[in-house]
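So the sequences go chain by chain: A and B. Per this note's numbering, residue 1 is the first one in the first sequence, and the count goes up by one each step. Per this note's numbering, residue 1 is the first one in the second sequence, and the count goes up by one each step.
Calculated directly from the structure, the hints in this document are not laboratory data. Quick reminder that beta carbons are idealized off the backbone N, C-alpha and C, glycines included. Among the hints, erroneous ones may be present.
Using C-beta positions, here's what the derived DEER-type ranges look like [as the list claims (entries may be wrong)]:
| hint | chain 1 | residue 1 | chain 2 | residue 2 | range |
| --- | --- | --- | --- | --- | --- |
| 1 | B | K92 | A | D160 | 55 to 65 Å |
| 2 | A | E154 | B | P528 | 54 to 64 Å |
| 3 | A | E152 | B | N442 | 27 to 37 Å |
| 4 | A | D205 | B | Q447 | 31 to 41 Å |
| 5 | B | E498 | A | D160 | 30 to 40 Å |
| 6 | A | S328 | B | Q403 | 22 to 32 Å |
| 7 | B | K92 | A | G155 | 32 to 42 Å |
| 8 | B | T445 | A | S328 | 39 to 49 Å |
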Amino acid sequence: MAKKSKKETPKNKVIEFVLDELEPVSSAKSDKAKSVKAEAAAAEIKLEMIMPAEGTVTEPTPALEPAAAKVELESRRPATEELDLPKLPILKKENRARLQVQSPQRIHFYWSLKGNPYQALSHTLGAETAAYTLVLRLINTETEREELHPIEPEGSYWFDVDAGRVYRAEIGFYSPSRPFVRVLFSNTVTTPRKSPSPRASTHSDWRVTAHKFAEVLDASGFEKDAFDVAMVGDDAEEADTLTHAAFAQLLENSEYARDEVSAEEVRFALAAISSGYTLEELRWKIGPTLFTILQANRERLGSEKTAAALSDYFDIDQTEFDEEEFGSAVGASLVHFPKRFRTRREYSPMSSSTIGMR
Amino acid sequence: MPVGYFSLILHAHLPFVRHPEYPEFLEEDWLYEAITEVYLPLIFIFQRLHETGAAPRVAINVSPPLCEMLVDPLLQERYTRHLENLLDLARKEEDRTRKTDTRYNDAAKMYVENLSVSLDLWNDRYKRNLVNAFRELQDEGVLELITCGATHGFLPLISTEETRRAQVEVAVANYKKHFGRQPRGIWLPECAYEPGVENILKAAGIEYFVADTHALLYGDPRPRFGVHAPVVCENGVAVFARDVETSRQVWSDVVGYPGHPFYREFYRDIGWDAPMKMIKPHLHADGARRHLGLKYCRITGKDVPLHAKLPYIPSLARKKAAENASHFIRERISQAHKLRNTFEGRTPLVVSPYDAELYGHWWFEGPQFLDFFFRQLHFDQDEIAAVTPGDILDSGLPIQVQQPTGSSWGENGYYSVWLMEKNAWMYPYQHDAERKMTEIANKFTAQSAKVHPHIADPEPGTLNMEIGTRILNQAARELLLAQSSDWAFQIYKATTVEYASRRFRSHIHRFDLLYTMLGNSEEVTLSPDHLALLEEIESRDNIFPEIDHRVYCT
Chain A
1 MAKKSKKETP
11 KNKVIEFVLD
21 ELEPVSSAKS
31 DKAKSVKAEA
41 AAAEIKLEMI
51 MPAEGTVTEP
61 TPALEPAAAK
71 VELESRRPAT
81 EELDLPKLPI
91 LKKENRARLQ
101 VQSPQRIHFY
111 WSLKGNPYQA
121 LSHTLGAETA
131 AYTLVLRLIN
141 TETEREELHP
151 IEPEGSYWFD
161 VDAGRVYRAE
171 IGFYSPSRPF
181 VRVLFSNTVT
191 TPRKSPSPRA
201 STHSDWRVTA
211 HKFAEVLDAS
221 GFEKDAFDVA
231 MVGDDAEEAD
241 TLTHAAFAQL
251 LENSEYARDE
261 VSAEEVRFAL
271 AAISSGYTLE
281 ELRWKIGPTL
291 FTILQANRER
301 LGSEKTAAAL
311 SDYFDIDQTE
321 FDEEEFGSAV
331 GASLVHFPKR
341 FRTRREYSPM
351 SSSTIGMR
Chain B
1 MPVGYFSLIL
11 HAHLPFVRHP
21 EYPEFLEEDW
31 LYEAITEVYL
41 PLIFIFQRLH
51 ETGAAPRVAI
61 NVSPPLCEML
71 VDPLLQERYT
81 RHLENLLDLA
91 RKEEDRTRKT
101 DTRYNDAAKM
111 YVENLSVSLD
121 LWNDRYKRNL
131 VNAFRELQDE
141 GVLELITCGA
151 THGFLPLIST
161 EETRRAQVEV
171 AVANYKKHFG
181 RQPRGIWLPE
191 CAYEPGVENI
201 LKAAGIEYFV
211 ADTHALLYGD
221 PRPRFGVHAP
231 VVCENGVAVF
241 ARDVETSRQV
251 WSDVVGYPGH
261 PFYREFYRDI
271 GWDAPMKMIK
281 PHLHADGARR
291 HLGLKYCRIT
301 GKDVPLHAKL
311 PYIPSLARKK
321 AAENASHFIR
331 ERISQAHKLR
341 NTFEGRTPLV
351 VSPYDAELYG
361 HWWFEGPQFL
371 DFFFRQLHFD
381 QDEIAAVTPG
391 DILDSGLPIQ
401 VQQPTGSSWG
411 ENGYYSVWLM
421 EKNAWMYPYQ
431 HDAERKMTEI
441 ANKFTAQSAK
451 VHPHIADPEP
461 GTLNMEIGTR
471 ILNQAARELL
481 LAQSSDWAFQ
491 IYKATTVEYA
501 SRRFRSHIHR
511 FDLLYTMLGN
521 SEEVTLSPDH
531 LALLEEIESR
541 DNIFPEIDHR
551 VYCT
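Whole structure, please, built from the sequences with the hints as guidance.
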């Protein structure tokens, strides 16, 4: 299903309910319940149920009896036979919604619902349920960008995401013309960075210019990052503006979703394309949003044209990337060796004067 | 003042593999091979370096499961048998190669010498307890022993704060039991970090952890000295990160030292090469061929097929190990000078972490390399000084405050080895058990506060507090064992998938049996069969006898 902006439809109005009769929300969690109620009120739909607070939705606390996996101990085989035939218990149908980070660009989500969600929906909304589809919604909580996928009441899903962002997943009912009905939501995860921070320390002992930091990265075996840090220099804001200007020039369009792609990632992609990388080679090196933009503009992304766009805005005479592989580790380990990233460029940042560093 | 500091950090870890239900078990050989090829040689070398005044300084993590296996009487007994069997075979082989296959006689003689020394060390010097040997080396100032996750649980993929905390607190308690003091540092399992882990470490009294390179390089704000100086998190816990250059130099299968043609070829083993009638008495009862540890060939060349490998010549390999050690030191001196220039005079620190099993098991000559390295470092130069992370913290050097980024040292640098299509099925079960563990720990602890905890001679059929405690403690062991990152790793690597999957299933299954056994009511009967089942599980998974389930309470 296509990605949509949260502001497009009334589905940003959220109704909350759970799938069976609920225990009361504890007093410690009442603020959450209040905010949910207020949100639902804004959707002008009266709720008959109250959503439990986050902890109980994502990982409910059942009674001690694990019903689905219940084993009649009295009728068991002798102890060793029981142990010699290990089997996974059947997981009890409960409300589960767990989001896990796999990498800066990929997260995993698994979920299950305790009861029949359509029955519960029907119970809440009466005859209006036909227009609704059970969906999984992933929300970038900073940009509010979201994506929707129709789902079954139990399953798992892999999302391509962007680095350094905060995400939450929700299960609920979607209708193009009606408010979103949220059933449960997951924990929140932050994807790790996949490049250096743009921020130097403000403490005089630890401040470092872009030029110096590029040298530090280079000495640490992170040549690709050293290249970018050197190219950007000390005025990251200006560099980001220039990056987007170069990108817009290349695309012949300044209307792309610039808030949703990082300038640093754009620079990396442009530099790589200018030295001969294909889009396919970049597929797993950049986030899905930027990849989609590049794909849509494939015909404008020749290496010479891209190099020219970069050179118009940055002090780059020539770029030539060459990734050197170091194989894998001797033995059983899969220890990570960053690829050596060769360029012809010396580290000569655009400017180091703007923040007056040593 | 040296030009540079060098900190070697070794991570000695094996998953808890102990199968008393079988007279012999293939996967137990992982431990036996590692004792023979890695732990005994390293202990011996470090002890000898110390005695000759070479003053090595090394940080080493001996993981809690490894410690528990090394002190286990059953495994000690089985290892003794394993070593005696191997020495017996080596002696036969020395005789055979002397008479009929002289190409391999040098190697065969080497095995007899090595294994004879190993048997003496094992029985006489260390009394079959290598934990005491590590402890002694720490007390002598050679080693800085650090801890790890209790069962090498991958912390970012553990779902609750309580069960993450338990991985650390159980490990710290186990360290204190074995080494008699508080650990200063921790090797985060798989160097897997996500922001917030440092709070658990701080609460457990840990001063520093080891992370991968980009944890610091991509941290915020930018690290002034990259990975060549530690940083501290806001809460004061320090972070030491991996230097890529030394990692490549020793570990890469493309440019690393272990790939030299003179070094021993790992994949040619008498267990596969020799006629069955010759090795059968030395195999397990099932008679299946397996690696026996006697390997007679050298690598010869990168593209040389296995059948064309040339004989291993120990003296050539030893000479090469000495050369590699010299080269490694020269490279460190050169690296230190270069970094010092970049750092405007500050003395750089190169942190060089490896799996301990690289040294001796995968790279047979690795222990010799370390022996030469520390000798040359001490006697032949004064520009590089060997230190431990604890030494750096004690030096009082100012340290930058930084928030590291989420990372691991695995393939691609994040969590994709331990969470991917082939092993993602594990996590709903693991997370379910994690939630239940805290639930039953909370409930039982609340109940036990109301009941006299010491009921003597419990009647069969009555769940009293003593048996309840046993069930809970065993459930904690099963959860911890299920959380071992080793199972997801092996499934990813497609090496021992069946065993890894079975182990995970077993521990989740046993956890579930115990959870069910504990029941829902205040007074649940426990039949003799249930007691027998509990005892059987306890006898099989006897890790951490000191565990206290209350570590899981909210």
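Quick rundown of the hints versus the structure:
1. B:K92 - A:D160: 55 to 65 Å: holds (59 Å)
2. A:E154 - B:P528: 54 to 64 Å: violated (39 Å)
3. A:E152 - B:N442: 27 to 37 Å: Given about 33 Å between the Cβ atoms, the range holds.
4. A:D205 - B:Q447: 31 to 41 Å: Cβ of D205 (chain A) to Cβ of Q447 (chain B): about 54 Å, so the range 31 to 41 Å is violated.
5. B:E498 - A:D160: 30 to 40 Å: Holds, at about 32 Å.
6. A:S328 - B:Q403: 22 to 32 Å: Given about 30 Å between the Cβ atoms, the range holds.
7. B:K92 - A:G155: 32 to 42 Å: violated (58 Å)
8. B:T445 - A:S328: 39 to 49 Å: The hint (39 to 49 Å, Cβ to Cβ) holds, given that T445 (chain B) and S328 (chain A) are roughly 46 Å apart.
Of the numbered hints stated above, those contradicted by the structure are hints 2, 4, 7, listed in ascending order.
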